[in-house]
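Construct the entire structure; sequences and hints are all you get.
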Amino acid sequence: DRAERIAADATLTAKIKSKMALDDNIDAVDIDIDTADAVVTLRGTVGSQDERERAVRMARETEGVTSVVDQLVIR
2 DRAERIAADA TLTAKIKSKM ALDDNIDAVD IDIDTADAVV TLRGTVGSQD ERERAVRMAR
62 ETEGVTSVVD QLVIR
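Quick note on numbering: the numbering used here labels position 74 of the sequence shown as 75, and the sequence is numbered without any gaps.
Hints are supplied without guarantee of correctness; some may be wrong.
[Claimed, not checked] In silico lysine to aspartate or glutamate, EDC-like type, Cα no more than 16 Å apart, as pairs:
#1 K20 x D33
#2 K18 x E64
#3 K16 x D33
#4 K18 x D2
#5 K16 x E64
#6 K16 x D2
#7 K20 x D2
#8 K16 x E62
#9 K20 x E54
#10 K20 x D31
#11 K18 x E62
#12 K16 x D51
#13 K18 x D33
#14 K20 x E62
#15 K20 x E64
#16 K20 x E52
#17 K18 x E5
#18 K18 x D28
Since the hints were derived computationally from the structure, they do not count as laboratory data.
Here you go:
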């Protein structure tokens with residue numbers, strides 16, 4: 002059961018990273034994504050409030066995510 006949760010969290014993290022990497026409006030290199038029990042935490046720096054909101058929305062809209070903790074800082 003624990004191994005399944007860890008695998009599911011890793012899958013969610015990978016999905017979100019892929020979506021952000023493909024988005025021209027998000028600099029995914031500066032965003033760290035951690036997932037624990039389907040709760041996603043975003044850390045790092047973004048260039049604007051719009052980029053921040055887009056990253057949070059993208060994580061929130063990923064199937065399987067229960068909530069998003071936004072710790073992004075606007076540089």
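Checked hints:
no., hint, result
1, K20 x D33, "13 Å, holds"
2, K18 x E64, "14 Å, holds"
3, K16 x D33, "13 Å, holds"
4, K18 x D2, "24 Å, violated"
5, K16 x E64, "9 Å, holds"
6, K16 x D2, "21 Å, violated"
7, K20 x D2, "27 Å, violated"
8, K16 x E62, "11 Å, holds"
9, K20 x E54, "14 Å, holds"
10, K20 x D31, "14 Å, holds"
11, K18 x E62, "13 Å, holds"
12, K16 x D51, "21 Å, violated"
13, K18 x D33, "9 Å, holds"
14, K20 x E62, "11 Å, holds"
15, K20 x E64, "12 Å, holds"
16, K20 x E52, "13 Å, holds"
17, K18 x E5, "20 Å, violated"
18, K18 x D28, "11 Å, holds"
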